[in-house]
Amino acid sequence: MILELFRWLQSLSFMTYIRESGLEYPIVMSTHLACIAVFGGMIVITDLRLLGVVLTERPIADVVNGLRWWKRLGFVIMFAMGFTLFGSKAAEYYPNPYFWVKMSCLTLVLIHAIVFRPLVYNHPEQLDASPVIPTRAKVAGALSLFLWTAVLCNGRLIGYYEPPQQKGHVVSTAEGK
Amino acid sequence: MVISLQISGMASKLAILIPGGLLLLAAPIFGHHSVSAEFDVHNQNTYAGVVTKVEWSNPHIYFYVDVKDARQKVTNWAFEGAGPNTLARLGWVRDSLKVGDRVTVVAYPARDGAYVGSAREVRLSNGRKVLAGMPPDQSPK
Chain C
1 MILELFRWLQ SLSFMTYIRE SGLEYPIVMS THLACIAVFG GMIVITDLRL LGVVLTERPI
61 ADVVNGLRWW KRLGFVIMFA MGFTLFGSKA AEYYPNPYFW VKMSCLTLVL IHAIVFRPLV
121 YNHPEQLDAS PVIPTRAKVA GALSLFLWTA VLCNGRLIGY YEPPQQKGHV VSTAEGK
Chain X
1 MVISLQISGM ASKLAILIPG GLLLLAAPIF GHHSVSAEFD VHNQNTYAGV VTKVEWSNPH
61 IYFYVDVKDA RQKVTNWAFE GAGPNTLARL GWVRDSLKVG DRVTVVAYPA RDGAYVGSAR
121 EVRLSNGRKV LAGMPPDQSP K
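As they're listed, the protein sequences go chains C and X.
Residue 84 in the numbering used here sits at position 84 of the first sequence, with consecutive numbering throughout.
Residue 85 in the numbering used here sits at position 85 of the second sequence, with consecutive numbering throughout.
These are computed hints drawn from the structure, not numbers from a lab.
Each residue gets a CB set at the ideal place from its N, CA and C atoms; glycine is no exception.
Among the hints, erroneous ones may be present.
Claimed, not checked - Here are some, though not all, of the chain C residues that point toward chain X, as calculated from beta-carbon distances under 10 Å:
1. M81
2. E125
3. G168
As the list claims (entries may be wrong) - Cβ pair distances, simulated, as ranges:
4. X:G21 / C:L110: 33 to 41 Å
5. C:S172 / X:P19: 55 to 63 Å
6. C:R68 / X:S34: 36 to 44 Å
7. C:L110 / X:G127: 52 to 60 Å
8. X:G127 / C:T16: 28 to 36 Å
9. X:D95 / C:A61: 57 to 65 Å
Use the sequences and the hints to build the structure in full.
This is the structure:
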């Protein structure tokens, strides 16, 4: 049933257009990758600040509040490009285990946000008020780093998966002489 | 560990100009995923036959050819080419290959014996020869 949904998605005229395009697919792909550098970098800086590794002379609130809307903008762009890439060849990604691991990690990222926004990200000034960085902030930062690294690595590995069935095959053999 | 960084005005300009300048010198990346890891690049072969299917898609096109060998055995080979953008610059159009066309494909076969090849050059049914855009032949010389 999911495969049928993926086949339908891939058959939409917009998705077909992207799949067969000259410029558009490379632009979508490049934008998706550029987001890793720009907005992924911001996520890394935030997480490392929560762990007390970088920008330690700056209050956590400065880093978290300052990057918040840039990270959200980046996520929207990243997700839009990613969904377009996925939708253009959805049926082909269906058997790909790296694709599914990446989606699972993204789901865990969503859960991470639901859990840690009220605890950490929405009240960063509480973290600065404490003499040492509270453990919940370090856990949030470490988990976020781990999950996003997993998303990135599995995303890269998607391109290297070959399905077990052969693409080519024997059509007919010669009759006996 | 405390990491502290104070950047002067001049240094911050250089921090933007130097990477930016290096980007302008960027050369095409030939790494992407290694052709030689998947295909036998020392064993180039020629395959002649009839096109049975064309998948005109990014990031690589695939086209399938029924190839008959000397003993009349017919095998359906899958050939990988570059993406539509690269192919357009090598003279391909969307329907350069159509089902039923007689073509000759010069390709590196898969290392694991599968009937898959990395196409180097295709002689189309109208007699024209086009590069398939896979490394190392990504642009006309």
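We went through each hint and held it up to the structure:
Violation of the interface hint for C:M81 is found here, the shortest Cβ-Cβ separation to chain X being roughly 13 Å, above the 10 Å cut-off. Residue-level restraint check for C:E125 is violated (minimum Cβ-Cβ distance to chain X is 21 Å; threshold 10 Å). Proximity of C:G168 to chain X holds as hinted, the smallest CB-CB distance being about 3 Å (cut-off 10 Å). Between X:G21 and C:L110, the C-beta spacing of about 40 Å keeps the proposed range 33 to 41 Å intact.
In this structure the hint that C:S172 and X:P19 lie 55 to 63 Å apart at CB holds, the actual value being about 58 Å. In this structure, C:R68 and X:S34 meet the distance hint of 36 to 44 Å, their C-beta atoms being roughly 40 Å apart. Against the hinted window of 52 to 60 Å, the Cβ-Cβ separation of C:L110 and X:G127 comes to about 56 Å, which satisfies the hint. Separated by about 31 Å at the C-beta atoms, X:G127 and C:T16 satisfy the suggested range of 28 to 36 Å.
With their beta carbons about 59 Å apart, X:D95 and C:A61 fall inside the hinted range of 57 to 65 Å.
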